[in-house]
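Q: Chains X and W, in that order, are what the protein sequence lines are. For the first sequence, our numbering gives the first residue as 2, with consecutive numbering after it. For the second sequence, our numbering gives the first residue as 3, with consecutive numbering after it.
Some hints here could point you the wrong way.
[Said to hold, decoys possible] Derived Cβ-Cβ restraints for the label pairs, each shown as a range:
| # | chain 1 | residue 1 | chain 2 | residue 2 | range |
| --- | --- | --- | --- | --- | --- |
| 1 | X | Val248 | W | Arg73 | 48 to 54 Å |
| 2 | W | Met3 | X | Thr313 | 45 to 51 Å |
| 3 | X | Gln389 | W | Gly14 | 19 to 25 Å |
| 4 | W | Gly14 | X | Leu361 | 43 to 49 Å |
| 5 | X | Ala378 | W | Arg73 | 40 to 46 Å |
[To be verified] Here are the simulated lysine to aspartate or glutamate pairs, EDC-like style, with alpha carbons at most 16 Å apart:
| # | chain 1 | residue 1 | chain 2 | residue 2 |
| --- | --- | --- | --- | --- |
| 6 | X | Lys219 | W | Glu160 |
| 7 | X | Lys306 | X | Asp174 |
| 8 | W | Lys133 | X | Glu391 |
If you are wondering where the hints come from, they were derived from the structure by calculation, not from laboratory data. Cβ coordinates follow ideal geometry from the N, Cα and C atoms, glycine included.
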Amino acid sequence: MIATLLTVCRKEILETLRERRAIVSLLFGLLLGPAVFAVLINVVVKQNVSAAEDPLSIVILGAERAPNLVAFLKARNIHDVAQPDFADVDGAAAAVAAGQRDLVLVIDDQFADDFGTEQAARVTLVLDRSKNRTMSRAQRVRGAVDAYGQQIGTLRLLASGASPGLLRPLVLDEYDVSTPAGRSALLLGVLTYFLLFATLSGGLHLAIDSTAGERERKSLEPLLTLPVSRTAVLLGKMTATLFFMIVSLALTLAAFKFSLARMPLDQLGMSSSFGLRTALLTFAVICPIAPLGAALMTLIASFSKTYREAQTYLTFVLLVPTMPVMFASMLNVEPARKLMWIPSLSQHLLVTTLIKGQPLVPSYVLLSVASSLALGALVGWLATRLYQREAILG
Amino acid sequence: MIEVDGLHKQFGAVRALDGVSFRAGDGKITGLLGPNGAGKSTCLRILATVLEPDRGTARIGGVDLAADALRARRSLGVLPHSSGLYQNLTARENIAYYGRLHGLPPAELERRTKDLLERLDLGAIADRRAKGFSQGERTKVALARALVHNPQHLLLDEPTNGLDVMATRHLRDWLRELRAQGRCVLLSSHVMQEVDALVDELVIVAAGRVALAGTPGDLAARFPGRSLEEIFVEAVGGAGAA
């Protein structure tokens, strides 16, 4: 039984290693994750850095009506650049809607008159909320205008002999306890998505080729006339699939370890702390899901008529374990004992914990490993049962 | 010795076998003859233990397939309809893979492989991948693979399909050699002339039943003045009408 399993496993691995298509797609999958991740991080870093420091150019209509405000904005690195080619708010709105201008600050006609009185002087910010890039800039302009208003208000109260504190009966202080690594966790959460994907897709070709592919090429039937049990043959194929999944996971992790060290995470005020120990623990945490993936893929591919049909089904299988990860990232789900029963979600939560630099809860790890392995064994057993049927020959 | 008794097999609404019985003796080449769809392949697939009959029994070397298929397979070599070689493995690796699954010890496996490669004149392509093999080369390698464990019984499904004249002649020579070694060879075919030149026993199958059986000599004596082909057409036609 074991000898058969190993013979089948060895032959499937050898055959896959000789399949150029399989190796190319494996390597491509390996590089894709770290590459996409590097681009993602660089873009985020650029956006954050530029938003905080870069000079911001906007158009101010009626700048001459509020020279002090304009000077205040200038001190905050917000500059009035272009001469406006429109005369009122409607004209500005048209220009922004057309995409000719990002942000326009319109100083009201009555600004100078109202400013000295008890009337509030009006300033209008014309923007397009549907543009992400504009939002952070608009935030800056709004903050600067508010600060100017506060300053003027405070000065006026002082001038009238009242304490500025009268206007602030309540003070809200924020106290942020997140560690730098904790802040990077959201971004690095994407990492589990890539790791799970790399693990499963690593075994994709072999799972299909050794089952649906073998039947399509008519080599399955003679194989089943040999004095070996079908269970041993199928388990050998699953083991080979598992082998490629684990190799794929290990290589992807190594690629991440290598590329994360070169990403400008410190510029975001984050430390990724993705050291060797974290990498090894991540490997150990994700590994238990591989048998489940191998069993499920082999089961489905075994009953697909052709390689192409199996490929179609298994593409969906690749998406299934990534869904809990997506929801967990979006909803900011915290690790909890009852979630550790769910394969892929439990791995995601544990890896996120690791990346945040927090200690793993042993019972959580145990539950995650046990439930993934148990489910893998169940699906594997089901596959060997179904493999006894004549329908396997197609 | 292969013994088949009252085999029935139904696929959905199609009755593939409707009570087939025959014997194929040791030291003989037995030909399973019939038109396409007569049930030859189904019969061979049951004997190869990949299908199970709905009713009836099949024995190989005295072992009931329903009782102990695994044991029966040890004395069984199968040359399937299409060679079913692994394209990315060499001829030698294809043969060795089956040898290992048969549980041959490494030394014996090496000796057998070398022996078969020599006997079937495969030396030149032994270490080339099966991807580029001609039909004749594929059949030869598949035959070597089926013989790697030195089986007493050999099943061949339309073995000369797609072979040229020379390759067909070689195949016949090897089959005669296997017969001389006292093996039980059962092959299927729909080509009358081929069977006539090779087999000792004929089993003509039509519409899932045995229409006629006997040695070519017997049949010629029973239907004097008629060629084997005429006998075949009549047997098949009669069964088809019934």
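Q: Against this structure, judge whether each hint is valid.
A: Hint by hint, here is what the structure shows:
| no. | hint | in the structure |
| --- | --- | --- |
| 1 | X:Val248 <-> W:Arg73: 48 to 54 Å | 38 Å, violated |
| 2 | W:Met3 <-> X:Thr313: 45 to 51 Å | 47 Å, holds |
| 3 | X:Gln389 <-> W:Gly14: 19 to 25 Å | 20 Å, holds |
| 4 | W:Gly14 <-> X:Leu361: 43 to 49 Å | 55 Å, violated |
| 5 | X:Ala378 <-> W:Arg73: 40 to 46 Å | 30 Å, violated |
| 6 | X:Lys219 <-> W:Glu160 | 15 Å, holds |
| 7 | X:Lys306 <-> X:Asp174 | 64 Å, violated |
| 8 | W:Lys133 <-> X:Glu391 | 28 Å, violated |
Violation of the numbered hints given earlier is confined to hints 1, 4, 5, 7, 8; the remaining hints are satisfied by the structure.
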